[in-house]
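From just these sequences and the hints, can you work out the full model?
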Amino acid sequence: MNRNYNFTSLFTIANICSFVIFFASIMCIIFKGLNFGIDFKGGTLIELRVDNNQTKISDIRNSLTNMNIGDINVKEFGTKGDYLIKVEQTKEQNKNLIPALKKSITSNLQTDISFRRVENVGPKVSAELLESGLIAICLSLAAMLFYIWIRFEWQFSLGAIVALIHDIVITLGLFSLLSFEVNLSIIAAVLTIVGYSMNDTVVIYDRIRENLSKYNKLDINNIANLSINETLSRTIITSVTTLLALLAIFILGGEILKGFSFAMILGVLIGTYSSVFVASPILKYLKVSYKTMLKEEEKITP
Amino acid sequence: MLNFTKSKILFIYLFFTIISAFSFLNLFDDEDKFINKKVNLGLDLQGGSYLLLEINTDPLISERIQNKVIPLKKTLRENNIKFTKFNVLSDKIKFTIPDNNVKSFERILFSKKNNSLNPFIAQYSAYQLDFINSKNNIELFFSKMGILSINNSALNQSIEIVRRRIDDIGTKEPTILQRGDKRILVELPGVKDPERIKDLIGKTAQLNFRLVNNEGKEFGADKLKSESDEELTVSKRIIFSGENLVDAKPSLDNQNNQPSVSFTLDRLGAQKFGRVTTKNVGRRLAIVLDNEVISAPSIREPITGGSGIISGNFTFQEATDLALLLRSGALPAPLSIVEERTVGPDLGQDSIKSGSISLIVGFILVIIFMFFKYRLFGLIANISLITNLLMLIGVLTILEATLTLPGIAGIILTVGMAVDANVLIFERIKEEMKTEKSIIHAFDIGYNKAKITVLDANITTLIAAIILFAFGSGPIKGFAITLGIGIVTTLYSAYFISRHLTSYIVLNSKDGKVVL
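Residue numbers (the working numbering), protein chains in the order written: chain A, 1 to 302; chain B, 1 to 516.
Think of the hints as simulated: they come from the structure by calculation, not from any bench. Be a bit skeptical, because a hint or two may be false.
[What the hints assert, rightly or not] Example chain A residues on the side facing chain B (calculated, C-beta under 10 Å, incomplete):
1. C17
2. L129
3. A136
4. L247
The structure displayed is predicted, hence computed values, not measured ones. From the three backbone atoms N, C-alpha and C, an ideal C-beta is built for every residue, glycine too.
Here is the structure:
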């Protein structure tokens, strides 16, 4: 198969699109905000299963309203009869909130209820979890920057990091737009996306570097196009197998892994796009050529 | 890259066999195995309760400051330092001394010999107390290291007591660990409703026996409420406290058949108890737990046997819990629960089920896809995928790692991403085949050239996994473990097993033609 698509001609339009979506994502995150789960906001979460078919979501809501405990959110969760109750963090921490909630639900619904999951995160811990999550993301970006800088030249390092930030921001922007919950597993997903997108970018960069020294007469535009085409089938096959695995988790993995696998699917799609349409054009803008590569190498080994 | 010596082949498969053999240990339930290793299921899969406790040492610090008052005054008097405006606050002592005494005060405070007021903590090479002086106004407080040592010993003691309480309830295989310098992590597998444990952990259980003093003449008295809402004036003087208890058991009061707690005192406690009850027949004795009067019976006759009964409207459960608390001893400082996560066993079961189903389906989808894409070599990629999975589970078993639901997701993701190494290599070989005439040569060059890319690509994911492991908590750590180990086993199966299988096919093809 001899594929030869002209990717470079799409660079400008793709970059404009990326730019617009990137800033729209930032705006969305700033103005609409992220829907933080109790991991990062603090509060109480109860997942329960009701055996009886007559119970309505409003019954559960009503059973809690007269408790006077502030903002309560009840929603259906996965299969029928499963509900998720979230209670916002109140200023004074009520030690007996969980038993009180359970008691109120059981006495008001008068049916068999099993409490499948109960979580409570205090304000101090949630602030710490958010902080360590952000540190982990920043640290992973720094580590990637450093690794690419050692293995390649600084232009590549910059390109890779811009692509990564592009992926993270747009993924979170979509989460903000769709009001999907951001919790600890989303941080895990974002870090995995960082790894995956980097993986993709490195494969193309590796080929660009190789081709730069192989065809030192060609300009970066042609080199980038050639390299993307040469690695295209690998890019597609790996994305497909990863997406197959992720789709299996998304559809069959249960409600708890839904957010995680959804973030990963978005990340894989965006990451694949960005290694072709973000990471590669940056080399072009930075005017990478055979000569700049030699210069960089001279600097390191004089 | 295609030549393998016999010994190398032997080693490759021997190593694989040994590692993957461990994965089969998980299929047996036998406890008395020769090698007793198994992948542990995380709390989110087997159900259970995770609690994060935080110690609040503020009251302890203020108690310790109080304890410094008498030795401090004594030291000052012994050294003829006149002090005025003596004032005790919750975390410091303030007083004023004459100008010419400041130097000598400093010398006395930081003397290493027999310094009972301000001991030198060798472990941190620092003094327990520190002071600041502004215009002869001295502020004496615990130094940073002093506070640290108080915190540390309080935390260690609390861990011990929490362990005793949890063991006493009879929970199977609890994990109790220190987290940071103020927190205790408690994991209780199989616990469905942690309310009782939370109650028991949350109580300081400071027990003391004090006389009720309705005249209010004696030195210092507290006004405390009893359980029946009767306000009692209780002397501050503690006759004996929970420390003097050697045993406590739930029992039935033989007068009214009410559940109660019987206790036995040590020699010192028994002596004090005997003396006080002999002197104060007719008066009431308040039994105070965490500043609440549980009961205040009248002393009918001297109790010299060193044992007694606490009765006060208990249910049998309450009596049992009180006895348990008294046996385990008092916490040095109050603990509060700052994070709690409980998963019921049925949700855990459901998670295992949906996790395994999605693993199997994801695996089959990838295998089918690879077979249709590469045929014979797809088969090789699939064999290397299976060996990869076996080794991954084998390594998890050797490490006795904890498998969580995100951990299963990590395995599935590994399945999806593991074929990448083989894809990179095969695609490279395809390219080389266009220019190279010799098939063997093309394969050789392909493997060689793809090597760097494969390494680069996998190291980046490995970096992400390591950072995730360092920063993640609980279930997320499980994800990082499987993802990280998955990368290593992927590299092994792609570069040793699948490369050997490929070389076998290429070198043995009769007509020298291989279709990729």
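Does the nearest C-beta of chain B fall within a distance shorter than 10 Å of the C-beta of A/L129?
holds (7 Å)
Is the interface hint for A/L247 satisfied, with its Cβ closer than 10 Å to some Cβ of chain B?
holds (8 Å)
Residue hint A/A136, partner chain B, criterion CB-CB below 10 Å:
This hint holds: A/A136 lies near chain B, its Cβ roughly 4 Å from the closest one there, short of 10 Å.
A closest beta-carbon separation below 10 Å is what the hint needs, so does A/C17 meet it against chain B?
violated (26 Å)
Checked against the numbered hints given earlier, this structure breaks only hint 1.
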